[in-house]
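These protein sequences, in sequence, are chains Z and G. The first sequence begins at 28 in my numbering and counts up by one. The second sequence begins at 1018 in my numbering and counts up by one.
Simulated from the structure, these hints should not be mistaken for laboratory data. Wrong hints could be hidden among the right ones.
[Unchecked claim] Under the rule of at most 20 angstroms between Cα atoms (straight-line distance), these lysine to any residue pairs were calculated in the SDA-like manner: (1) Z:K100 <-> G:Q1103; (2) Z:K100 <-> G:D1110; (3) Z:K50 <-> G:S1128; (4) G:K1132 <-> Z:V37; (5) Z:K50 <-> G:N1102; (6) Z:K50 <-> G:F1138; (7) Z:K100 <-> G:R1106; (8) G:K1264 <-> Z:I136; (9) Z:K50 <-> G:N1127; (10) Z:K144 <-> G:L1151; (11) Z:K144 <-> G:I1246; (12) Z:K144 <-> G:L1245; (13) G:K1264 <-> Z:Y126; (14) Z:K50 <-> G:K1129; (15) Z:K100 <-> G:R1112; (16) Z:K50 <-> G:S1134; (17) G:K1264 <-> Z:L132; (18) Z:K50 <-> G:N1133; (19) G:K1126 <-> Z:P49; (20) Z:K50 <-> G:K1126; (21) G:K1022 <-> G:R1051; (22) Z:K144 <-> G:G1242; (23) Z:K50 <-> G:Q1103; (24) G:K1129 <-> Z:Y53; (25) Z:K100 <-> G:Y1043; (26) Z:K51 <-> G:S1128.
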Amino acid sequence: MIDQMIVSIVATIAFAVLFYVPKKEYLFCGINGAIGWGVYLFCRSYGTGVTVASMWAALVLTLVARIMSAIRKMPSTVFLITGIFTLVPGAGLYYTSYYLIMNDLERCIEKGIETFKIAGAIVLGIIFGLILPQSWFNYLSKITIKRKG
Amino acid sequence: MPESKRILNLAISVGELLLKSGAEIYRVQETVSRILESYGIKDYHVFVITNGIFATVYEQREDAASMVRYVPIDDVNLERVAEINQLSREICDGRCSIVEAHEKLETCKNSKGVKNSTLIFACGIGSAGFCYLLGARPYDSMISFFLGMLLEVFLITARKHHASKFIMNIVGSALVTIGSLILYVMGAGILFDKTIIGGIIPLLPGVALTMAIRDLFSGDYLSGGIRLIDALLTGMCIAIGVGAAIKAFQLLGGGVLPL
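Whenever a hint applies, use it, and build me the whole structure from the sequences.
Okay, structure coming up:
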């Protein structure tokens, strides 16, 4: 579990570099990615399916990204785009095309639908995360300004 | 040049760079509007989609101005988004004249970014990391590290020659697949599926998908749709690249290869 967390931080930071995130924010991006992956693993360990786990992870990740953006005075995109990469169904995409080539259509369709379901779940998770009004997060950034002042 | 035109030129240039660097539509629209307002223009219209900005000010007056910019979809550069966000805040607080704002915009445009060698290394680390997260052994992650570096070298070269995005995705994912399969056939004892998945992770349309949702959510259906199509096509291109490479190996091996 701990090794998974550390690797997810490092991998997310690697993607932060690829998307030219400002250097000061690398660690926060990494932490956000690790939180997303942690929620995913947590849900999986309680027996939920891949889809539901992805949704919860995307939801928590979006909320954390918005909180971080309020505290760090950065656009929330910075944390959201880099964090979400741990959840994007790359494996599903690979297996879908693999089984298609292998002419194993049954498994291909199974994997294909699963991939779409995961993508849809991530969409839902982000949308639920965006529903909370921005004013709540603005309040958070006011608190941090006061502390600094 | 009339004052209105200079202000509009500044606002739309800021918007253009912001859109090009991968900001959401509502952020671009809001930034352009706020800059116009903070320089005292009340009568304006701004329309932004994924690859263009249209804006007019003072339509009914003598010094009316309108501008259109075409903005092709480019690589994401979040540092620029953050910097321009800061710049627009300064403009809104009235701390920045038009000339100063133009100078700052130029420095944003020419900011050096990251060295190619760092990008290649980061891509390798990212691939290796995700390979490990998907349950591969450290040995496979190491192979994935090299595949990721190979991929980024290819991507940087392709970008330099302005290759189309489709070709980049298809050839890039095929390259990763071929690399893994060659090692596998040579008896390196790798889990080739995991190394391939790790290797193609940097190509995945995670950005496009996230942006599509954010645009759709804020009511920019056209822009969200464009991003969504982008995400789907990218996914399909990766699948084609991987599939074609595996098929080619199958044919060459005459069905003997235990793929």
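Hint numbers not upheld by this structure, sorted from lowest to highest: none
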